[in-house]
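Undergrad: Residue strings, one per chain:
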Amino acid sequence: MTARVGVITFPGTLDDRDTQRAVRIAGLEPVPLWHRDKDLQQVDAVVLPGGFSYGDYLRAGAISRFSPVMEKVIEGAREGMPVLGICNGFQVLTETHLLPGAMLRNNHLHFICRDQKLRVENTDTAWTSDYEAGQEISVPLKNIDGRYVADERTLDMLEAEGRVAFRYVDVNPNGSLRDIAGITNEAGNVVGLMPHPEHAVEPLVGTGRTDGLGFFTSILKKLVNA
Amino acid sequence: MARVVVDVMLKPEILDPQGQAVQRALPRLGFEGIADVRQGKRFELEVEGPVDEAALARIHEMAETFLANTVIEDFTVKVDGEAR
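Chain order of the listed sequences is S and U.
First residue of the first sequence? That's 1 in the working numbering, and the numbers climb one at a time after it.
First residue of the second sequence? That's 1 in the working numbering, and the numbers climb one at a time after it.
Bound-form chain U, shown alone:
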């Protein structure tokens, strides 16, 4: 089975308080030099059958209608580490 990864991130203009909280904690823990942190979601999909154009089109539709809310989030679809 092939693995397809969908990464979902808040759009750059949307305030990400969770990412900010992580960023603020970093110097306290001794990790310096990180100017900004944004937190996202990663979905790993184990796909039955071939990951052909049709399967990718379905996954793209799935990401657009359900995994991401495109009002506030962007997403990328990758097969085996390769962006598609």
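Here chain S stands alone, though its shape is the one from the complex:
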């Protein structure tokens, strides 16, 4: 039996179908989950996809954090279930405090959409083991609330523990502190990043490269070998 990866749809989620597709292309079974679901249908991992859940009213990710399904995601994440948050999903993960820090409006105040180069800084997470440390990948980025902030103590702790999983290369697109594009929790099962690996899994679309596929093949290996 193949591993099952839940993909949650909130009102305002945009990238759930692309995420399901990326999961399928990597050889996993995508399981669509709805924000009101009270159980996770025994999935082995969960992805919180990009979009604008609840219209980003109040703060990006703030309202969806209180969806019924998130109770189970938080519980599972604390018990070691792999969770990936992409863009709005990353915002939801900071709002739940599964990941430290917060996401704010880009420093230049513009919505930005570009192919973004990233350096993979940590390959010991559930979602990054198929990359090589220091490898540079290019995936699409599109957001207006992508500026990662945390206090100096938290930033120093993230650096010291190797929990900066991805850093922006060449261009910092939004003013994120220390060029941070993505982070992981202490255990390495929860990962969040602003750019969109799920849009770069087929040569025909996105950047024209498949640099994002490694996220999903990483989790496949982890779940199959578990």
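Among the clues, some could well be false.
[Said to hold, decoys possible] Incomplete in silico selection of chain U near chain S, CB under 10 angstroms:
1. L10
2. K11
3. E13
4. I14
5. L15
6. D16
7. Q18
8. A21
9. A25
10. K41
11. T65
12. A68
13. V71
14. E73
15. F75
16. V79
Think of the hints as simulated: they come from the structure by calculation, not from any bench.
A quick note: this is a predicted structure, and the numbers were derived from the prediction, not measured.
Note that CB positions come from ideal geometry on N, CA and C, so glycine has one too.
Since the structure of chain S is provided, determine the placement of chain U on it from the hints.
TA: Same frame as chain S, now just chain U:
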């Protein structure tokens, strides 16, 4: 019904580009002498029943868990203009 106001502001050390954009526009519009602008959010809550200590405690909890993200924001709670 009593009105309770929750003001939410970015912490002083957090960059506020929206406030900066407003501040930069002021001289262009002929408003001089404003050294800095920071932009926040104001929530006006119409409270059913008495605004007693218990109700205020609930509103404080609401502000802390939901209206503000205390990683980046500070908040104040006021009843009828009076800070509590």
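Undergrad: Against each hint, give a clear statement of whether it holds in the structure.
TA: Verification of the supplied hints:
1. For L10/U, the suggested interface contact is upheld, since its CB lies about 8 angstroms from the closest CB of chain S, less than 10 angstroms.
2. At about 9 angstroms, the closest approach between the beta carbon of K11/U and any beta carbon in chain S falls short of 10 angstroms, and the interface hint on this residue holds.
3. Because the beta carbon of E13/U sits about 8 angstroms from the nearest beta carbon in chain S, less than 10 angstroms, this interface hint is met.
4. Interface restraint check: I14/U against chain S, minimum CB-CB distance 6 angstroms, threshold 10 angstroms, status holds.
5. The interface hint given for L15/U is met, as the beta carbon of that residue sits about 6 angstroms from the closest beta carbon of chain S, less than 10 angstroms.
6. About 9 angstroms separates the beta-carbon of D16/U from the nearest beta-carbon of chain S, less than 10 angstroms, and the hint is met.
7. Interface restraint check for Q18/U: the shortest CB-CB distance to chain S comes to about 6 angstroms, inside 10 angstroms, so the restraint holds.
8. Checking A21/U against chain S: minimum C-beta separation of about 6 angstroms stays under 10 angstroms; hint holds.
9. The interface hint given for A25/U is violated, since its Cβ lies 12 angstroms from the closest Cβ of chain S, which is over the 10 angstroms cut-off.
10. Interface restraint check for K41/U: the shortest CB-CB distance to chain S comes to about 8 angstroms, inside 10 angstroms, so the restraint holds.
11. Annotation: interface hint on T65/U holds; nearest CB of chain S at approximately 9 angstroms, less than 10 angstroms.
12. A least Cβ separation of about 9 angstroms between A68/U and chain S falls short of the 10 angstroms threshold, and the interface hint therefore holds.
13. The closest approach between the C-beta of V71/U and any C-beta of chain S is roughly 4 angstroms, which is under the 10 angstroms cut-off, so the hint is satisfied.
14. The closest approach between the C-beta of E73/U and any C-beta of chain S is roughly 9 angstroms, which is under the 10 angstroms cut-off, so the hint is satisfied.
15. Against a cut-off of 10 angstroms between C-beta atoms, the interface hint on F75/U is violated, since the closest Cβ of chain S lies about 13 angstroms away.
16. Evaluation of the V79/U hint against chain S yields a violated restraint, the C-beta minimum of about 22 angstroms exceeding 10 angstroms.
Consistency note: the structure conflicts with the earlier hints numbered 9, 15 and 16.
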